[in-house]
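Number of protein chains: 2
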Amino acid sequence: MRAEIVAVGTELLLGQIANENARWISERLASIGVDVLHHQVVGDNPDRIVEAFTLACERADVVLVTGGLGPTQDDITRDALAAFLDVPLDRHGEIESLLRAKFAGLGRGMPESNLRQAQVPQGCRYITPIRGTAPGLVAELPGGGRIYLMPGVPLEMVEMMEGTVLPEVRALSGPAAIVSRTIRCTGIGESRVAEMLDDLFRALTNPTVAYLASSGEVSVRLTASAATEEAAAAIIEPVGNEVAARLGDAVFTMEGESLEGVVVRLLGERAIKLALAESITGGGVGKRITSAPGASSVFCGSAVVYTAEAKHVVLGVERATLDGPGPVSEACAREMAAGARRLFSADVALALTGAAGPEPHGGAEPGTVWIALDAGKVRHARGYVAAGERDRVRRWAEQAGLDLVRRYLEGRELPSSDRII
Amino acid sequence: MRAEIVAVGTELLLGQIANENARWISERLASIGVDVLHHQVVGDNPDRIVEAFTLACERADVVLVTGGLGPTQDDITRDALAAFLDVPLDRHGEIESLLRAKFAGLGRGMPESNLRQAQVPQGCRYITPIRGTAPGLVAELPGGGRIYLMPGVPLEMVEMMEGTVLPEVRALSGPAAIVSRTIRCTGIGESRVAEMLDDLFRALTNPTVAYLASSGEVSVRLTASAATEEAAAAIIEPVGNEVAARLGDAVFTMEGESLEGVVVRLLGERAIKLALAESITGGGVGKRITSAPGASSVFCGSAVVYTAEAKHVVLGVERATLDGPGPVSEACAREMAAGARRLFSADVALALTGAAGPEPHGGAEPGTVWIALDAGKVRHARGYVAAGERDRVRRWAEQAGLDLVRRYLEGRELPSSDRII
Chain A
0 MRAEIVAVGT ELLLGQIANE NARWISERLA SIGVDVLHHQ VVGDNPDRIV EAFTLACERA
60 DVVLVTGGLG PTQDDITRDA LAAFLDVPLD RHGEIESLLR AKFAGLGRGM PESNLRQAQV
120 PQGCRYITPI RGTAPGLVAE LPGGGRIYLM PGVPLEMVEM MEGTVLPEVR ALSGPAAIVS
180 RTIRCTGIGE SRVAEMLDDL FRALTNPTVA YLASSGEVSV RLTASAATEE AAAAIIEPVG
240 NEVAARLGDA VFTMEGESLE GVVVRLLGER AIKLALAESI TGGGVGKRIT SAPGASSVFC
300 GSAVVYTAEA KHVVLGVERA TLDGPGPVSE ACAREMAAGA RRLFSADVAL ALTGAAGPEP
360 HGGAEPGTVW IALDAGKVRH ARGYVAAGER DRVRRWAEQA GLDLVRRYLE GRELPSSDRI
420 I
Chain B
0 MRAEIVAVGT ELLLGQIANE NARWISERLA SIGVDVLHHQ VVGDNPDRIV EAFTLACERA
60 DVVLVTGGLG PTQDDITRDA LAAFLDVPLD RHGEIESLLR AKFAGLGRGM PESNLRQAQV
120 PQGCRYITPI RGTAPGLVAE LPGGGRIYLM PGVPLEMVEM MEGTVLPEVR ALSGPAAIVS
180 RTIRCTGIGE SRVAEMLDDL FRALTNPTVA YLASSGEVSV RLTASAATEE AAAAIIEPVG
240 NEVAARLGDA VFTMEGESLE GVVVRLLGER AIKLALAESI TGGGVGKRIT SAPGASSVFC
300 GSAVVYTAEA KHVVLGVERA TLDGPGPVSE ACAREMAAGA RRLFSADVAL ALTGAAGPEP
360 HGGAEPGTVW IALDAGKVRH ARGYVAAGER DRVRRWAEQA GLDLVRRYLE GRELPSSDRI
420 I
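Quick note, the sequences are listed as chains A and B, same order. So the first sequence is numbered by numbering that gives the first Met the number 0: it starts at 0 and just counts up by one. So the second sequence is numbered by numbering that gives the first Met the number 0: it starts at 0 and just counts up by one.
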């Protein structure tokens with residue numbers, strides 16, 4: 000079964016909103032094993048909407064259309080469907096009564112413009128709206144295909160997808176199931192990951208693999224299809240384990256967790272309290288930690304010490320360190336970590352200092368980062384030079400810091416100083 | 000001039016990400032007066048990519064393609080372009096040298112897979128990548144059209160759009176000038192803003208207006224077109240001033256600055272040093288302040304005090320306050336601000352405490368937020384209850400806090416306690 004999604008709306012072509020409806024619908028269709036091969040977006044133009052319907056119905060079994068079912072003059076998707084099917088629009092008495100009752104329930108009269116929404120192309124079914132006033136429309140095509148029209152308002156679209164369209168499409172498409180698994184890793188680049196895995200996937204068509212790189216992480220997503228969910232999961236299982244084995248301890252989750260989520264979960268499991276000392280990241284690590292569920296029972300706080308004076312006064316970094324090796328140095332990172340551990344009475348503290356650029360800072364070249372972990376008995380520091388712009392250097396510092404804590408909590412080898420990109 | 004956007008990537012068809020690239024490109028093309036009539040999305044399939052190129056080139060003068068230029072086996076957009084043009088791919092020596100130099104600069108050897116990125120369909124130009132390793136590609140079509148291939152990684156795409164593609168498309172599309180102005184405000188909802196301005200734009204077609212709401216801000220974007228840039232600017236000027244006058248001191252910029260950028264600029268102009276005390280935002284305000292240019296000379300640091308103990312030990316909040324009114328209270332916010340001002344020897348300090356939800360915290364209902372400003376002589380606190388989920392409550396707290404500092408620095412009236420949504 001092949002599906003295609005057509006979004007109607009000039010606001011999409013003007014870039015006022017992203018096509019989040021198509022993303023959501025695609026994700027739901029993938030979850031029931033239906034292949035989406037194309038998305039189209041067209042504006043509120045009758046000819047171009049009909050052309051889009053024609054193209055979509057040629058190449059897909061089911062076409063899902065969003066947008067243009069409202070009450071105003073520029074809502075013309077139902078007129079375009081009538082033109083495409085070459086049938087007249089009839090005013091539908093049941094819908095009219097429903098709309099009048101909706102407005103009466105709000106203590107208001109119905110504007111005449113809403114009568115447009117009671118029109119149905121001859122021979123089509125309609126889907127009753129619960130939240131809004133725009134009925135969905137369903138046309139069966141002579142060739143056996145089917146086209147669904149849904150409102151563009153996300154909540155109204157979701158209501159019709161979940162209530163009517165998905166169950167109907169699932170019934171049409173048979174019992175196939177799709178299972179996905181995402182393996183996420185950090186501290187390793189996308190092309191290196193692909194190199195380590197490519198031979199594994201060159202011969203495989205099920206599961207398929209997709210690499211997604213963003214913000215210092217690489218996600219490897221495996222997707223398997225089979226007759227049942229259990230069978231699809233069984234196909235993925237050995238391949239997922241092989242991927243994880245090859246990528247080794249760069250993998251921080253096979254369950255789709257965020258890196259900060261993994262750290263907070265591990266802290267909770269081990270009843271360990273964490274404090275931070277942040278300079279280069281400015282509070283970014285604290286923000287990520289506190290966005291993870293359960294942070295309040297394992298996170299004490301973060302001393303964001305942006306100036307040399309604050310590093311000395313708040314965290315007790317020695318003036319000799321600041322004047323000697325400087326604020327971007329192994330010694331400073333280690334003293335910051337020790338200071339944060341003491342200040343917050345934490346079990347383990349992570350410190351991050353560096354020169355984010357574009358200017359050198361504290362005698363260090365842009366991109367230089369020192370991170371230190373202090374857990375009392377275990378103390379570790381790591382320096383590296385990152386390439387790229389300020390935002391990227393800061394984001395990678397967050398990743399490197401969180402990953403150092405993750406590796407410590409998992410009892411893995413702690414990475415030594417090096418260059419990363 | 001008609002443009003069309005083609006996005007290549009199975010991850011879009013699986014619903015893993017929304018087509019934000021097409022949104023951004025559309026917005027930029029609209030701003031230079033270029034009509035986008037269609038978006039297409041296709042997966043990593045050679046035949047379907049060629050079909051999409053064929054269709055797009057039939058109906059548009061300029062086709063902008065994103066995605067599939069990476070180094071892995073599933074990156075096949077450049078191969079599809081060669082097939083569409085019916086020309087061979089040549090390995091390009093300059094690109095190869097550039098890529099080898101990039102990897103050498105990072106102290107690493109280049110993986111063989113990256114050599115794919117040095118391939119150029121015969122007769123095409125390439126666009127040198129600055130951030131990434133994927134060159135863009137440009138093909139002139141026999142019928143006079145043009146097709147641009149750009150990477151799917153947003154930062155790399157944006158770099159090529161701004162540096163090469165937009166200037167070239169603008170040159171192709173003739174001498175009309177488009178000038179945009181974005182007026183940004185916070186603390187006021189989108190529908191209220193539209194209500195305050197709608198009569199102004201009902202009769203106007205030049206400039207056009209677009210409202211964009213996100214993350215506690217509303218942007219009013221005016222776009223005027225005229226024969227010259229000066230003429231377009233002269234059309235916008237009086238309308239922009241009228242918009243600003245109606246929205247009053249909710250407006251924090253007419254120059255497109257970020258809220259944190261405005262705060263850091265004002266601090267610098269007034270030589271005032273800022274400290275923070277963050278609980279509900281977990282370091283998010285510090286992260287935003289330190290992302291603005293010039294932060295290092297005006298920002299001392301932030302005490303992220305997530306536990307009651309840290310509020311007491313680090314900032315000197317009285318135990319009686321924590322046990323009485325509690326950690327989410329006016330008294331606690333005021334003591335946090337005073338403590339941060341003292342700890343960092345700052346001129347002014349901002350404190351934020353609250354219950355982000357979904358659970359109540361410290362006796363306060365989810366959504367309750369207290370922010371306090373302490374500038375020695377001026378002291379101010381404001382409480383409110385925000386609706387929505389945890390992330391939204393935290394983001395709005397950042398906005399409310401930064402805006403309180405902005406209003407203080409601009410000498411405006413400071414907002415009193417209230418409910419916001």
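Among the hints, erroneous ones may be present.
The list cannot tell twin chains apart, which means a pair is met if one copy fits it or any two copies do.
[To be verified] EDC-like mimics (lysine to aspartate or glutamate), calculated; alpha carbons at most 16 Å apart, straight line: (1) K272 x E308; (2) K101 x E388; (3) K272 x D197; (4) K272 x D346; (5) K272 x E194.
By construction, these hints were calculated from the structure, which means they are not laboratory data.
Hint-by-hint comparison with the structure:
For the homomeric pair K272 and E308, the shortest alpha-carbon distance between copies (13 Å) is at most 16 Å, but the shortest distance inside one copy (27 Å) is not. Only between protomers do K101 and E388 lie at most 16 Å apart by alpha-carbon distance; the minimum there is 15 Å, versus 43 Å within a single protomer. Within a single copy, K272 and D197 get their C-alpha atoms no closer than 40 Å, and across copies no closer than 53 Å, so neither meets the 16 Å cut-off. When the C-alpha separation of K272 and D346 is checked against a cutoff of 16 Å, the pair qualifies only within one copy, where the shortest distance is 5 Å, while the shortest distance between copies is 32 Å.
Within a single copy, K272 and E194 get their C-alpha atoms no closer than 38 Å, and across copies no closer than 49 Å, so neither meets the 16 Å cut-off.
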